[in-house]
Amino acid sequence: MNKTALFTSAALAALLGWAGTAAADCAGSTFASPAPKDVSGTVKVVMEDVTDTDFVKAMIPDFNKLYPNVKIEIEGAAYDVIRDMQIASLQRGTGTQNLMQVDTSWVSEYDEAGFLEDLRPAIACLGDDYKYDDFAASFRKIGQVGEKVLGVPFYSYPTGFVYRTDLWDKAPETLDELVASAIAKKTDKRAGIALQQKQGFVIMEEWNAFLLSSGGQLRKEDGTWTIDTPEARKALEAYMKVSKEAAPAASLNWGFDETIRAAKSDQASALTTYGWVVPIVNGKDSQVPDKFALAPFPGGRGTGGTWSWGIPKNGENKEAAWAWISWITAPAQEKVRVISGGAPTRDSAMMDPDVWAKGVSEDYYKTYSKVAAAAVPLCLGTGCAEAIEAVGVEINAAVAGIKSVDEALAAAQSAAEKATR
Amino acid sequence: MLSPDVSTADPPRVGRLERLAGKLPFRWWMALPLVLLLGIFVLYPLGFSFYLSLTNYKLTTRNLGYFGFEQYNRVLTDGDFTDSLKITLTFVIAAVLIELILGLALALALQRQRFARNVTRALLFTPMFVAPVAVGLVFRFLLNQQLGLIPNAIAKLGIHIDFFSPNFALASMVLIDVWQWTPFMVLLFLSALESLPKAPFEAARVDGASAWLTFRTLTLPMLMPVIGIATVIRVLEASKLFEYVFVITNGGPGGSTESLQFIMYQTGVRFFRLAEASAMAFVFLAVLALPIIWMLRQVRKAEG
Numbered sequence: 453m454n455k456t457a458l459f460t461s462a463a464l465a466a467l468l469g470w471a472g473t474a475a476a477d478c479a480g481s482t483f484a485s486p487a488p489k490d491v492s493g494t495v496k497v498v499m500e501d502v503t504d505t506d507f508v509k510a511m512i513p514d515f516n517k518l519y520p521n522v523k524i525e526i527e528g529a530a531y532d533v534i535r536d537m538q539i540a541s542l543q544r545g546t547g548t549q550n551l552m553q554v555d556t557s558w559v560s561e562y563d564e565a566g567f568l569e570d571l572r573p574a575i576a577c578l579g580d581d582y583k584y585d586d587f588a589a590s591f592r593k594i595g596q597v598g599e600k601v602l603g604v605p606f607y608s609y610p611t612g613f614v615y616r617t618d619l620w621d622k623a624p625e626t627l628d629e630l631v632a633s634a635i636a637k638k639t640d641k642r643a644g645i646a647l648q649q650k651q652g653f654v655i656m657e658e659w660n661a662f663l664l665s666s667g668g669q670l671r672k673e674d675g676t677w678t679i680d681t682p683e684a685r686k687a688l689e690a691y692m693k694v695s696k697e698a699a700p701a702a703s704l705n706w707g708f709d710e711t712i713r714a715a716k717s718d719q720a721s722a723l724t725t726y727g728w729v730v731p732i733v734n735g736k737d738s739q740v741p742d743k744f745a746l747a748p749f750p751g752g753r754g755t756g757g758t759w760s761w762g763i764p765k766n767g768e769n770k771e772a773a774w775a776w777i778s779w780i781t782a783p784a785q786e787k788v789r790v791i792s793g794g795a796p797t798r799d800s801a802m803m804d805p806d807v808w809a810k811g812v813s814e815d816y817y818k819t820y821s822k823v824a825a826a827a828v829p830l831c832l833g834t835g836c837a838e839a840i841e842a843v844g845v846e847i848n849a850a851v852a853g854i855k856s857v858d859e860a861l862a863a864a865q866s867a868a869e870k871a872t873r
Numbered sequence: 007m008l009s010p011d012v013s014t015a016d017p018p019r020v021g022r023l024e025r026l027a028g029k030l031p032f033r034w035w036m037a038l039p040l041v042l043l044l045g046i047f048v049l050y051p052l053g054f055s056f057y058l059s060l061t062n063y064k065l066t067t068r069n070l071g072y073f074g075f076e077q078y079n080r081v082l083t084d085g086d087f088t089d090s091l092k093i094t095l096t097f098v099i100a101a102v103l104i105e106l107i108l109g110l111a112l113a114l115a116l117q118r119q120r121f122a123r124n125v126t127r128a129l130l131f132t133p134m135f136v137a138p139v140a141v142g143l144v145f146r147f148l149l150n151q152q153l154g155l156i157p158n159a160i161a162k163l164g165i166h167i168d169f170f171s172p173n174f175a176l177a178s179m180v181l182i183d184v185w186q187w188t189p190f191m192v193l194l195f196l197s198a199l200e201s202l203p204k205a206p207f208e209a210a211r212v213d214g215a216s217a218w219l220t221f222r223t224l225t226l227p228m229l230m231p232v233i234g235i236a237t238v239i240r241v242l243e244a245s246k247l248f249e250y251v252f253v254i255t256n257g258g259p260g261g262s263t264e265s266l267q268f269i270m271y272q273t274g275v276r277f278f279r280l281a282e283a284s285a286m287a288f289v290f291l292a293v294l295a296l297p298i299i300w301m302l303r304q305v306r307k308a309e310g
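Line by line, the protein sequences are chains A and B.
The first sequence begins at 453 in my numbering and counts up one residue at a time.
The second sequence begins at 7 in my numbering and counts up one residue at a time.
Looking at chain B on its own, in the form it has when it is part of the complex (with noise of 0.2 Å):
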């Protein structure tokens, strides 16, 4: 009987696999999933959109022929983008600007607050967990001329207000997006209060300094990555204003709630011309690109 000669034995054999796998680093390997969903699901629809831009592509005829930087000129000379463009930062400005004052003094309050802290903070954290739809309808009624419980309120007092009159259309969907997003800065801001180190407010305090002053000088500049953080997400989330828009005014009066996302759908959807919707898309994220940019330096900045 023939035995196995152990000490002639060949190395044992190393697979396609492994020969491979130890080409590349452990952590890329760790990486490789990340990257694969990635790429299905971002870099591919973000490259397929791009391209789609450089076409004329329709739903209807559904050529997908290179034609160039056409559909950029057209956005780009076309009033009506150039104006939801105007329409939209107005919107982002108003609206995280006002969250950011008023969720801020609310954290300030919640944080004093001792009675009734739990029940207090579960119902105003509540507006946002409704969806953005939902809410474009329960106000489409609160503020209708007809129906609504806020007109017939203030109209009582003697104040008549057309909330979707041209002056005031987008003055109320920056109205509805405070009300549903300011929790979302005062649950932030509440949690990065209640982490700060109380040592140095003490010594403030023993000192003497007044409220503002202790604010000014500890809080805010405490605050202020959180601050940042907070409000690269709301002006990221704000310029996505879509679904007030579409439930409540159509765009209406006259084109003044018209936000871009707004006529992105409309273009793409509505009128079947994704190459351009798709070029509005890259346009409004170079536009938006820089500011956010901007706004994470400050911040890395301000965490030193």
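If we strip away everything but chain A, and leave its shape as in the complex, we get (with noise of 0.2 Å):
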């Protein structure tokens, strides 16, 4: 071998040796992307006991037909204990999840505390054919904190206004519509709306929604809270109105699924709740299946809230994590998800005529792209998971008349403040 081709082949493999080595890091990420073919290795995750769920385990078997050597273990759980098993495994040296769903609340703490891989290098290196910005913005934005990104969208919830079309002939476009007519709707067998009212951050979710149609907002972008306020008021007092006058009787201890049980049985002609529940009370097993429609929660602006897919930093495995989160979430996947009924978080999805066609509806699409756009997260920053549930607290309080209005928002004004302190 001559000096010029020693040192062409020095050359080459010095070149192919950095190309290797840039492509591990994939420029600040502390692992492959895009996962390589041959990963391995188990990822654990503990998800939530929804729909969303079911879909995915059934997208395992092609997942493993281009990954076959990553077996992904999902473990189901009720929502209440999902976070406990997360700080468990989050405070080990090694934790048991390597993969996490991570809601919108619980974001900013984390990154507080430094549990998640910043994402943003290694979806820079899928190339243009991932279209992150694919994503709606509402839903996107919640996964990130400053720069970083720490879970990339797996389903969204925002809130929507859930009616019946044979009892409403349109759907409220105000607050104020929206009392009057439930209660008008109510009778001896149906109530006019179905509330989750139960304390904490199951009826935050809800009533956020009616802050922000009247006008207010939870928190400021800056992070102040703004909870004891004209609008806030005028919010709690529509939600005492429906929840006394068009909810069912006894239903302060309701949550998701008694909402869901109500409209499935012809006992509510609404629903203000996530806009995805619209396949699951029209469903088969429904007494009055195809009747309910779903529509922008009424002054447009919804809670919005998303579960975000995220990578421990103390998991193991973590190329086996990103090989399924990236291959989950591509347009490809989400389209199948959406499909088999789905939460869409892609805009793409939600305007596909072929999803239209094998999915829902075409009119439920396009509304659930109305409702994502407007959606306004349901809280942002530290201190959020604390303060839903301190306020939820204060606000069931006022509708079950413990407190009056007042007393309600002043404290939990200062609940959210001492959150932050």
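By construction, these hints were calculated from the structure, which means they are not laboratory data.
Do not take every clue at face value.
[Said to hold, decoys possible] Facing chain B, from chain A, some residues (calculated, C-beta under 8 Å):
{"hint": "1", "residue": "Lys509"}
{"hint": "2", "residue": "Ala510"}
{"hint": "3", "residue": "Pro513"}
{"hint": "4", "residue": "Glu564"}
{"hint": "5", "residue": "Thr617"}
{"hint": "6", "residue": "Gln651"}
{"hint": "7", "residue": "Ser703"}
{"hint": "8", "residue": "Leu704"}
{"hint": "9", "residue": "Ile712"}
{"hint": "10", "residue": "Arg713"}
{"hint": "11", "residue": "Lys716"}
{"hint": "12", "residue": "Gly833"}
{"hint": "13", "residue": "Ala852"}
{"hint": "14", "residue": "Ile854"}
All residues carry an ideal CB built from backbone N, CA and C; glycine is no exception.
Mind docking these for me? Both chains are given alone in their own frames, and the hints should help you get the complex.
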């Protein structure tokens, strides 16, 4: 071998080596992106027992055709315990979960604690086909803290107005209209509206939509809590009125499940709930199938929420976890999941004629897109998880008649401030 | 060949361990394993927890720096803690009192039972072998206004009760606790009743004493030590009210079922503020210790 050939070979080898290193680091990522097809390992995640988890489980065999050496283990759990299980795992040297489903209000706190990997570099390395900007902006924002991307949208739960088309001529456009119409629709056998009034985050997700509708907002961009305000007063009075005059009797302790049961058993003419429930309340097991439609929350803005996929820093097999995240959230898989009945997160899926034809309906996805575009995340920033629970106690106390509106809002403001002291 | 000179040999060497063993009485050595276990699994966590209460430790920031008694100040001036303390004490007093009376009545009845004794007792004791979380879930559905057997059954009688309304939610928790733990009282009282000496009761019967007089002057005083112990155990257990609240009401409505254990869990685990949760635990320990010590003294007095 002459000197030139030797030099060229050495230079080529160095270049390839550098390129390999660059791919492995992926410009700042601690794991390779895209994940190599021969990546191996077990990916463990605890997920909420909801329909979207079932849709995802059904897609695992397809994932394994591409990544045969990655085993996905999904453990179902009730919402209340998911975070506890995550915290326990995150406190360990090596976590028991190496993939996490992170809820809207948890992201900032997990960031403050340095629990999660920044996925932005890895996303950047996936190339244009991945189309990260295709996720609806309000959903994308939830997984981001500053420049970091700590969670990639998995499924969304923006609040809309879900109503019986055979009982409502049209969906209400203002909060006042909602209150008046819901009361008018109440009969001896059927509630005008079924509310999830259970104390804590449950009532908060719903009441927050009333707050947005009345022009208020839980927290400003700068982190200031804005709960004891005239807008919040209007929202709480409206909520209390529908609770008293339009909701089912003795439903103060109702959560999501009870409202769905009421809707499916012809005991409620409307719900102010997550947009993705429409295919559920319209299902074959419903006493009133195909009667429900989705509309934007009166006033336009509803509570925004998304579950995001994140990778804990203390987890093993990060490349395997990333293989799963990048695959399941890619446009093609999002489309499959949405057609199955899953809650969309990508604009492309919501506006895809193929999804309209094979999924719920064109109207539904177009409305969902509007709801998503106008959704305001329930709460962003540190202290959110506590503030939501604490404010939810006070709102529930007002609805239960334990506190006056003024007392409840003052206490809620103080509780939220305490959460961020 | 040299043979060992037995008469001039050194006295047997005493090992360091044996010398150490000789310094402490034998009974201390026997207690050592238990002391070590207690130290590792009780004293160390307790001591660390107390230190945590003197810091501003959060699961997210993990700052173990000394913070003084500020957490105690927060706990004692925070309305949430005092409200929860009232709720917990109300629950404990109501539940334990009902269990005590009902348990004693059932035990007296079972003592006289002759037919199907074993079957009745086995059935009666079943609830206390079920996990409280499972009991909570069962009652969540039994008392549910939509699906519940109990609200629907009493509605047929024209009575409408919302078991999870602000006025009834805590009473519902008491009801569930009574269902689950009255059998424990029955078990203790029945064992005690069956081991009481027969002679005083025979004498009372021969003297023509009424059932009430016999109960008041013989049965009750003789049962007092067991009643005291049963009360202490149940007070301690009932003050740990958590599972029913967690699975049924989440503390609601309007905080009316927020027990101390529930807010400690929320503060420490859900809101990450372990230091404040530790301070709550120590304040509660102090509040609970006084009546428990008093009750134990009464038991000792009753035992003579």
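Taking the hints in turn, this is what the structure says about them:
1. Lys509: violated (24 Å)
2. Ala510: violated (27 Å)
3. Pro513: Hint on proline 513(A): violated, closest Cβ of chain B at ~33 Å, above 8 Å.
4. Glu564: holds (5 Å)
5. Thr617: violated (24 Å)
6. Gln651: holds (3 Å)
7. Ser703: holds (7 Å)
8. Leu704: Cβ of leucine 704(A) sits 5 Å from chain B, so the hint holds.
9. Ile712: With a closest approach of 11 Å, the isoleucine 712(A) hint is violated.
10. Arg713: With Cβ-Cβ at 6 Å, under 8 Å, it holds.
11. Lys716: violated (11 Å)
12. Gly833: It is violated, given that the least Cβ distance between glycine 833(A) and chain B is near 13 Å, above 8 Å.
13. Ala852: Hint holds; alanine 852(A) Cβ to chain B Cβ min 4 Å, cut 8 Å.
14. Ile854: Holds - the Cβ of isoleucine 854(A) comes within 8 Å of chain B, reaching about 4 Å at its closest.
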